[in-house]
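Chemist: Listed below are the residues making up each chain.
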Amino acid sequence: MQTGSKEEAATRGEIVIHNLHKVYTTKKSRFEALHNIQLTIGENEFLTILGPSGCGKSTLLRIVAGLEDHTEGSVMVDGEEVIGPGADRGMVFQGYTLFPWLTVRENIEYGPKLKGIPTLERRSLSNYLLKMIRLESFDKSYPKQLSGGMKQRVAIARALANRPKVLLMDEPFGALDAQTKLEMQEMLLDVWEKEKTTVLFITHDIDEAIFLSQRIVVMGAGPGRILKEFNVELPAERTPEVREHPEFLSLKRELAGLLKH
Amino acid sequence: MIPPKRRTPPKLQIFKDISSVSYAMMAGISFFLLLALWSLLSYTEAVNPVFLPTPDAVLLEFFRQLGTAAYWEHIGISVFRVSSGFALACLVGIPIGIFAGTFRHAEALIEPPMEFIRYMPAVAFIPLIMVWAGIGEWAKILLIFIGCFFQLVLMVADITRRVSHDLLHASFTLGASRWKAIETVLIPAIQPQLMHTLRLILGWAWTYLVVAELVAVNSGLGYAIMRAQRYLNTDQIFVGIIVIGLLGLISDRIFAFLNKRLFPWA
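Going down the list, the sequences are from chains A and B.
Counting in full-length UniProt numbering, the first sequence runs from 1 upward without gaps.
Counting in full-length UniProt numbering, the second sequence runs from 1 upward without gaps.
FYI, nobody ran anything at the bench for these hints, they're computed from the structure.
Mixed in with the good hints, there may be bad ones.
In silico SDA-like cross-links for lysine to any residue, where the CA-CA straight-line distance does not exceed 20 Å [to be verified]: (1) A:K144 / B:R261; (2) A:K144 / B:A57; (3) A:K115 / B:T184; (4) A:K144 / B:K260; (5) A:K131 / A:E121; (6) B:K260 / B:T197.
No experiment lies behind these values; they were computed from the predicted model shown.
Between the sequences and the hints, there should be enough to build the whole structure, so can you do that?
Modeler: As structure tokens, then:
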């Protein structure tokens, strides 16, 4: 990695959210979107924030990404305060955000190109990522020629091309059909295994949260706050059979009960 | 026994695509109707031939005029004026428009006065232009510029504002600075829509050309039309109008072609 020893000595990809508040104020009204969020996400952890729509989970993610500011408190990534977006925090959005004028390969190489990484090195990096997302033969296609699932795979590869400390995912599979969604989840776990980055994942899908995560944080609305935390005590190797595991089912029941209220 | 009639949905469906053959046929019919109406009115002399020449007289005049070097000079100078005024408006207007669409401060600085000026008819500037720029080439180019520039800035600003914020945010999370985001996201993203806008504005440029050439000139297609009117050569007026229409059509097709070639991703 280009940024030498300082980083390796310290943690890589630890997010510390401390006493975070987000209040929207207009002349007439005041809306508290996030209330006193305390959360630490460890190095190389896969953590999912689960909650109903309107609980502020996306806002929280966008604050960590630096795309939105907060009213009070702080967000630190590896001890450095977040004050704006940056290449150290890759993000995958719910909507399709590939650059339509770039080919699949050019999309993946967008970040490295900005960093000034030489062509050959960029090429081998994008080859590696294209292989990982199993889209080698689509390197010259434009996004409009891809299916929804393919687009999101490229979006993941594009975010990873920067070798980010943290991967932020805002309901990335929300728009996909059920079958594609399952495939994408398995692929994402593969990728996470290989890339060793911290993943902060947002969803309102209980099954998705349990299948993917090591830890689940449940948020509630009005104002957006953390209700409860769960460790997912499932084998590290997540195969489709894991969905029938008793722990999976009991956790699912508990989460469903919590979200109902 | 009568076989049951197969039920078919009605032909005219809202927004539904039709085959290119049907499309061409409908277009052909509309031209044909236009021509039929014209023929009816002129050949029966329902309208005095001095006011409405017959189609064959116009066609004859068309080829007669295009056979003369003088007419090609008129065409040449008109094309020059239109392209100069249009290019100048693009050169200045597009960057200003992008700037106004990108930053709210720039929007506040640029748009209110432009909104105000664009409602002033460009034609009303002619006397002023003649005072400022005389009656030379610059005067015509300036009029076309004024006619196009203000609209162009506002339209480009609007296109720029409508670029997906998610695309912009994606580039930020991939490490783009503000200027890099303008260069690598905003500018490529607006291009297809920009080409459509330029097509539209080029059409206006031709309109302003004719206006510009109606006053104090002795060259150009507008002048040719004016002169024909003076001698009541209505067939020549028709030729002038048709030639301008054809030139507009050609430039429009060039834009459409470029749009397809340059932006295969859109």
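Chemist: Confirm or reject each hint.
Modeler: Now for the hints, and whether the structure bears them out:
{"no.": "1", "hint": "A:K144 / B:R261", "in the structure": "holds, 16 Å"}
{"no.": "2", "hint": "A:K144 / B:A57", "in the structure": "violated, 52 Å"}
{"no.": "3", "hint": "A:K115 / B:T184", "in the structure": "holds, 13 Å"}
{"no.": "4", "hint": "A:K144 / B:K260", "in the structure": "holds, 15 Å"}
{"no.": "5", "hint": "A:K131 / A:E121", "in the structure": "holds, 16 Å"}
{"no.": "6", "hint": "B:K260 / B:T197", "in the structure": "holds, 15 Å"}
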